[in-house]
Every structure is written in structure tokens, then in C-alpha cells.
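Number of protein chains: 4
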Amino acid sequence: MARVRILVTGGTFDKEYDELTGRLFFRDTHLQEMLRRGRARLDLTVETVMMVDSLELDEGGRATIVARSREAAERAIVITHGTDTMCDTAAALARASLGDKTIVLTGAMVPYAFGSSDGLFNLGSALSFVQVLPPGVYIAMNGRHFLWNAVRKNRETGTFEAVQG
Amino acid sequence: MARVRILVTGGTFDKEYDELTGRLFFRDTHLQEMLRRGRARLDLTVETVMMVDSLELDEGGRATIVARSREAAERAIVITHGTDTMCDTAAALARASLGDKTIVLTGAMVPYAFGSSDGLFNLGSALSFVQVLPPGVYIAMNGRHFLWNAVRKNRETGTFEAVQG
Amino acid sequence: MARVRILVTGGTFDKEYDELTGRLFFRDTHLQEMLRRGRARLDLTVETVMMVDSLELDEGGRATIVARSREAAERAIVITHGTDTMCDTAAALARASLGDKTIVLTGAMVPYAFGSSDGLFNLGSALSFVQVLPPGVYIAMNGRHFLWNAVRKNRETGTFEAVQG
Amino acid sequence: MARVRILVTGGTFDKEYDELTGRLFFRDTHLQEMLRRGRARLDLTVETVMMVDSLELDEGGRATIVARSREAAERAIVITHGTDTMCDTAAALARASLGDKTIVLTGAMVPYAFGSSDGLFNLGSALSFVQVLPPGVYIAMNGRHFLWNAVRKNRETGTFEAVQG
Numbered sequence: 001m002a003r004v005r006i007l008v009t010g011g012t013f014d015k016e017y018d019e020l021t022g023r024l025f026f027r028d029t030h031l032q033e034m035l036r037r038g039r040a041r042l043d044l045t046v047e048t049v050m051m052v053d054s055l056e057l058d059e060g061g062r063a064t065i066v067a068r069s070r071e072a073a074e075r076a077i078v079i080t081h082g083t084d085t086m087c088d089t090a091a092a093l094a095r096a097s098l099g100d101k102t103i104v105l106t107g108a109m110v111p112y113a114f115g116s117s118d119g120l121f122n123l124g125s126a127l128s129f130v131q132v133l134p135p136g137v138y139i140a141m142n143g144r145h146f147l148w149n150a151v152r153k154n155r156e157t158g159t160f161e162a163v164q165g
Numbered sequence: 001m002a003r004v005r006i007l008v009t010g011g012t013f014d015k016e017y018d019e020l021t022g023r024l025f026f027r028d029t030h031l032q033e034m035l036r037r038g039r040a041r042l043d044l045t046v047e048t049v050m051m052v053d054s055l056e057l058d059e060g061g062r063a064t065i066v067a068r069s070r071e072a073a074e075r076a077i078v079i080t081h082g083t084d085t086m087c088d089t090a091a092a093l094a095r096a097s098l099g100d101k102t103i104v105l106t107g108a109m110v111p112y113a114f115g116s117s118d119g120l121f122n123l124g125s126a127l128s129f130v131q132v133l134p135p136g137v138y139i140a141m142n143g144r145h146f147l148w149n150a151v152r153k154n155r156e157t158g159t160f161e162a163v164q165g
Numbered sequence: 001m002a003r004v005r006i007l008v009t010g011g012t013f014d015k016e017y018d019e020l021t022g023r024l025f026f027r028d029t030h031l032q033e034m035l036r037r038g039r040a041r042l043d044l045t046v047e048t049v050m051m052v053d054s055l056e057l058d059e060g061g062r063a064t065i066v067a068r069s070r071e072a073a074e075r076a077i078v079i080t081h082g083t084d085t086m087c088d089t090a091a092a093l094a095r096a097s098l099g100d101k102t103i104v105l106t107g108a109m110v111p112y113a114f115g116s117s118d119g120l121f122n123l124g125s126a127l128s129f130v131q132v133l134p135p136g137v138y139i140a141m142n143g144r145h146f147l148w149n150a151v152r153k154n155r156e157t158g159t160f161e162a163v164q165g
Numbered sequence: 001m002a003r004v005r006i007l008v009t010g011g012t013f014d015k016e017y018d019e020l021t022g023r024l025f026f027r028d029t030h031l032q033e034m035l036r037r038g039r040a041r042l043d044l045t046v047e048t049v050m051m052v053d054s055l056e057l058d059e060g061g062r063a064t065i066v067a068r069s070r071e072a073a074e075r076a077i078v079i080t081h082g083t084d085t086m087c088d089t090a091a092a093l094a095r096a097s098l099g100d101k102t103i104v105l106t107g108a109m110v111p112y113a114f115g116s117s118d119g120l121f122n123l124g125s126a127l128s129f130v131q132v133l134p135p136g137v138y139i140a141m142n143g144r145h146f147l148w149n150a151v152r153k154n155r156e157t158g159t160f161e162a163v164q165g
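Residue numbers (this note's numbering), protein chains in the order written: chain A, 1 to 165; chain B, 1 to 165; chain C, 1 to 165; chain D, 1 to 165.
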């Protein structure tokens, strides 16, 4: 059974609605609930690294994600991440030369806690890609996988698309 | 962009609740709605082959699924299927020697139309595996992939597990 | 704050999907979860009398529901009940002459555990009617209230409609 | 069958998540979908008066709501409204002396479009109260009804509570 570490960093994935203020916020990650719903039977470890909106992620935060990825004993790592700066974190991971690890970043356009989220689809996708792709840093969104340097988020459509690497 | 054909055969995936009789039944497939929710951006064709409970699938039905897989122009095929006889259909496909196609069967333990379904997770998983696995016939369930002859459904736990191939 | 007793008897309201058998069954009532979701702030007591499909409810079961209604200290009682024989139980309660109690039966066409249930709407409706209607036995469905002897379930449409009392 | 007009004014009830900006916004009302889910069988007319956050509702907006209530041919009116200034609009309606109309304001703490909304419960409640309460202006929240001058929103708990009228 594949051994996979999931590093949680926040992002839309894990946002919730605060009914007293009418604003979105972070509480706990929904990863365990999502894995239960997906009936995932992998050798999984879920580690919450931070809970932030990826627009607020600075170089220090990015360095922490790189460090946790380096320290992980697993060779397969899925990182849940806000979509806005997912490509930047992927680039930071790639430049850190983490050896023979396969790292897949994924996220969501709609919070899992809301009805219509793509999060469960993306999580199923990322966990699958991480088991079979060769070492490297990838983004898994929209049912596709992209090498870290061959992808960008299209802000008009909210989808990820291939660019010349 | 990967070109994938999805063959719909029914199964728990697509069951609905008939509020007049209190029984489960099939109407239309939910695949298009699920792909929209997953924001899938693949070159996808969805084809409804049949809408049946897989316990009612006989050899004739199985031969139809094999024929449609053979006729498909795509080299990547995902088949949504009831979990009870998914392994039998996978075996029928493998014995048919469909050449260089990668075929991934998937299903759900809970109907997509109900709140707590694993269907979206499994669909994200199957669509991902089908893009990267070598030709062959596989089952994608529980976040894992299995070669057709190395898997069985454990009816006590409702999960798929590896067996000696 | 109004004091209301909710007697749970099962019905579609509380059915769940058994993913191992593919059949509907009863486990625990969802009433507490529904009241939390509705942010109900009433002086409520929830009592599970039985968990049955109302088609399987016999005279003994109906007598139990009458007895529990009689024994209840509250003057306002909501009974969750399968829709198929809801009118029969309402009639049994009316014939029992329970004095100055206001009793409102309600149910659902789709289980609460499934996404598209009318259960939460009906519960909000029944709890409201029970606070303001005069003593008597009523059915609250489809946003309406009916006196026990002036209503029937239309099995073709799945709705409740008025009849000459 | 009771004849009821529903005046839609926006509020949390009808907010949606904009996946491109990560912000909440208004599009169309969800009232028709909610009434379908509740299988409401009343003689209902739904009229969208405005779609605003009730914190942004000024006296002009409030006057419009009063005018529409006055012009309505129905004697039973439900108004969906943001909870923050619901009591202010109720007061404006009461001071306008709308004669023999029963007006019930309701809202939601969580948008209907998100999974865990209280909106369907509150709608079932408001539609029920409006059919049986005597003429006057009321707020229906938390399964309760309050006269317009005997209620306030407790901003710490997010619930409505009785005050000395």
C-alpha cells in the first residue's frame, strides 16, 4: 500500500463560513473527513503545516513548506494549497532539489465545506497522480497534472493550463 | 490534453431515490454534473452504455461493455460500474485483449445523488490513473489502483484489496 | 419559550443508505442534527418511540404512539412519521381524545441524510404550527397544515391534499 | 390553499461564493429551488425586491420594502432579509400601518448555497407562521416567532431573543 504524506497549508480547500461575521476563515482542516468520504485506504499521514490564504504566504512560509517536504520520510507527498500562488510554491519546491520525491500540489476553487466544491475530486486526483508519477514537482488540478514549470493559473477562467516549460 | 472516453454502465454511482416508491432506481447518469463540479478540463467523451445494477449484469451485458471498449477510438477509457461485479467485468476486458488501451474501472459505495458519496473522489482518481498507467485493465477504488487480476472486493468492509495475481 | 416534545417514529425522515447491502435502513434519528442546523431555540425534548417504516406500523405500534402522546407532559407535540400511514396514526390520536394537546405529525419524502430532502423544511413548518394552532391533531406537509380528518396523501404526486372532513 | 407573497430582499439567505474572487456575492435568489425542495404546495408568488446585504440597506431601500408590502394583494407576506437589520425593517413595516396583513420576516445565518444552511428550516417556519398568526409584523427565526417590537438579534450567539416590547 502506497505511503503518502499530506501536508496541509490551508487555501480555499479548508475555508469555512463564519456565521457571526459573514466572513470566510480557517478552523481545522477537512482532510480527514474528506479521506473518510473517499474511503481512502492508503498508508496516509496528514500534517497541518499552516492554515493560510495563499495570497498571504510569504517567502518564510514557503521555506517552511519546503523544509517539511524535505524532512518527510515519505517519497510521495501531496500538498493542499491555495490556488493563487500554488505555482510559486511549486517552483520553490522544485528549486530546493528534494531528490527522488514525487510532490503533487492541489487545491480547490470552492471550499469543501460548501456544497459544490471540487475539493474531493482534486484530492482523489492528486493522491492518484502521486502514486504513479516519477519524482518531480507537479500541480494536479482540473483532472490534469502539470510539471511545476509548465503551468499557470488562468485568473479569468479559474482553471490551470499548460504553458511552455 | 488527454483524450479520455467514459463508459457509463450504472452502478451505485448513478442510483437515485424514488420518492414515490421509496426505492432506488436509475434515471440519467450524473457524470456530466460530476465533471462540472470537478472542473475537469480534459478532452472527454461520456457514453452511456447501460444503466444497471452490476448484480444484474450478465455475460451479454459484459460483452457489450467489451465491444464498446474495443470500438472506442480513445486509448484511455474509464468505466463507471457497480462494485459488486466490477472484478468480473475487468476480467472480461482483460481476456478480450484490447491492445494498447488503458482501461480503469471505478464505482461508488454511496450514490452520488446522496450527500456523502465517495463518487467524486473515485472519479478524480480514475481519471488521473487512466492518464498515466501503462496499457492494461485496472480497478481504481479507495484511492488505489489494482491490476484486474490482483484485486477483490471485500464484502464485509466494502473496500477493495490486493490479492495474489 | 415554547415547550415542545418531538416523538420520533422513523419514516423516510430517518432512513439511511447501507453501503454494504445497498438497502435503506434505520440507525439513529437525525432530529438532533436537524435541530442544530435549524438553530432551533425552543424548549425541546426529543424522544425516540420507535424506528420503523410506517407501512410496517401495526395497531400495537400505533397504540404505543398514542400512549406516549398521552403521557407527555408537554401540550405541544410534534411526531415524525412515515408518510404512507401518517393519516391513520393521526386518526388514532384524534380518537384517543388527548384533551388540550396540539399534536402535529410531519415526515419527509426524501431521507434527510440524502442531499435533497424536504425534511428540514417540514420540521421547521411542524415546529411552527404546533406553537400556534389550537388543540387538535394535524398533519403538516408541503408547507400546509391539515386537520387529521380533512387530508389524504395523494400517492401519484407524493403530496398531501385537502379532502372533505 | 393559502395565498402568500414572498418578497426577496437578499441577505445571507441568497449569498453565493464567487470562486474567481473568493468573495460572497448575490446572483439570483434560491427561493424557487428551496420551495421545490420543500415540496411547498401553497398559492405562492415570489417577487425579488432587491438583492442586498442588510447592512447596506438604507431608509430608501426600507421604504421600497414597505411600499411593496403595501401594494401586495396578498394578506400573508413573507420577507427574506439579512439578519443584521431585520428588526429595523420590521419596525419600519409596523410603523407603516399596513392594516390587516400578516407579515413575517425571516433569514438565514448561513447561505442556502452552502451545505449547512438553516435557510430551509426558517423558510418552512416563516411560511407556516404567516398562515396562522393574526395581522401584525413578526420575525421568524430559530423556530420561534416574535412580534416586531419584542425581539433583538444577539450578535454574540447569532440567535434572536425576546426583549420587553
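Because the hints were derived from the structure by calculation, they are not lab data. Treat the numbers as computed from the prediction; the structure is a model and nothing was measured. Careful: at least some of the hints might be erroneous.
Said to hold, decoys possible - Straight line, CA to CA, 20 Å or less: simulated EDC-like cross-link-like pairs of lysine to aspartate or glutamate:
| # | chain 1 | residue 1 | chain 2 | residue 2 |
| --- | --- | --- | --- | --- |
| 1 | D | K153 | C | E19 |
| 2 | D | K153 | D | E74 |
| 3 | C | K153 | B | D18 |
| 4 | A | K153 | D | D88 |
| 5 | A | K153 | D | E19 |
| 6 | B | K153 | C | E19 |
| 7 | B | K153 | B | E47 |
| 8 | A | K101 | A | D43 |
| 9 | B | K101 | B | D84 |
To be verified - Between beta-carbon pairs, the in silico distance windows are:
| # | chain 1 | residue 1 | chain 2 | residue 2 | range |
| --- | --- | --- | --- | --- | --- |
| 10 | C | T45 | D | N154 | 34 to 44 Å |
| 11 | A | R3 | B | L55 | 31 to 41 Å |
| 12 | B | A63 | C | R27 | 38 to 48 Å |
| 13 | B | S116 | A | D28 | 12 to 22 Å |
| 14 | D | Q32 | B | F25 | 17 to 27 Å |
| 15 | B | F25 | C | R27 | 18 to 28 Å |
| 16 | B | A150 | A | E56 | 42 to 52 Å |
| 17 | C | E156 | D | Q32 | 18 to 28 Å |
| 18 | C | N154 | D | Q32 | 47 to 57 Å |
| 19 | C | E56 | B | E156 | 26 to 36 Å |
| 20 | A | E33 | C | E161 | 35 to 45 Å |
| 21 | B | S116 | A | F25 | 39 to 49 Å |
| 22 | B | R27 | C | R70 | 41 to 51 Å |
| 23 | B | F25 | D | D100 | 41 to 51 Å |
For glycine and all other residues, C-beta sits at the position ideal for the given N, C-alpha and C.
Hint-by-hint comparison with the structure:
Proximity of D/K153 to C/E19 is assessed by CA-CA distance (about 43 Å); at most 20 Å being required, the pair is judged violated. Taking the CA atoms of D/K153 and D/E74, the gap is near 28 Å; set against the 20 Å cutoff, the hint is violated. Only pairs whose Cα atoms come within 20 Å are accepted, and C/K153 paired with B/D18 is accepted, the gap being roughly 16 Å. This hinted pair does not check out: A/K153 and D/D88 have alpha carbons roughly 44 Å apart, beyond 20 Å.
Between A/K153 and D/E19 the CA atoms are separated by roughly 13 Å; this keeps the pair inside 20 Å, and the hint holds. For the hint linking B/K153 to C/E19, the alpha-carbon distance of about 13 Å falls within 20 Å, and the restraint holds. Straight-line distance between C-alpha atoms of B/K153 and B/E47 comes to about 26 Å, which puts the hinted pair past the 20 Å bound. Between A/K101 and A/D43 the alpha-carbon distance is near 16 Å, which keeps this suggested pair within the 20 Å criterion.
At roughly 24 Å between alpha-carbon atoms, B/K101 and B/D84 are farther apart than 20 Å, so this suggested pair is violated. A hinted range of 34 to 44 Å is violated for the C-beta pair C/T45 and D/N154, which are about 24 Å apart. Against the hinted window of 31 to 41 Å, the Cβ-Cβ separation of A/R3 and B/L55 comes to about 35 Å, which satisfies the hint. Distance hint for B/A63 and C/R27: a CB-CB separation of about 40 Å, consistent with the stated range 38 to 48 Å.
At about 19 Å, the CB distance of B/S116 to A/D28 agrees with the hint of 12 to 22 Å. A C-beta distance of roughly 26 Å is found between D/Q32 and B/F25, which places it inside the suggested range of 17 to 27 Å. With their beta carbons about 23 Å apart, B/F25 and C/R27 fall inside the hinted range of 18 to 28 Å. Here the CB-CB span from B/A150 to A/E56 is close to 46 Å, well matched to the stated 42 to 52 Å.
Checked against the hint of 18 to 28 Å, the C-beta distance between C/E156 and D/Q32 comes to roughly 23 Å, which is consistent with it. Our hint of 47 to 57 Å for C/N154 and D/Q32 is violated, since their Cβ atoms are close to 22 Å apart. For the hinted restraint 26 to 36 Å between C/E56 and B/E156, the CB-CB distance of approximately 28 Å keeps it satisfied. Distance hint for A/E33 and C/E161: a CB-CB separation of about 41 Å, consistent with the stated range 35 to 45 Å.
Remark: the range hint 39 to 49 Å for B/S116 to A/F25 is contradicted by a beta-carbon distance near 25 Å. Taking the beta carbon of each, B/R27 and C/R70 are about 44 Å apart, inside 41 to 51 Å as hinted. At about 48 Å, the beta-carbon gap between B/F25 and D/D100 stays in the expected band of 41 to 51 Å.
The structure shown violates the earlier hints numbered 1, 2, 4, 7, 9, 10, 18, 21.
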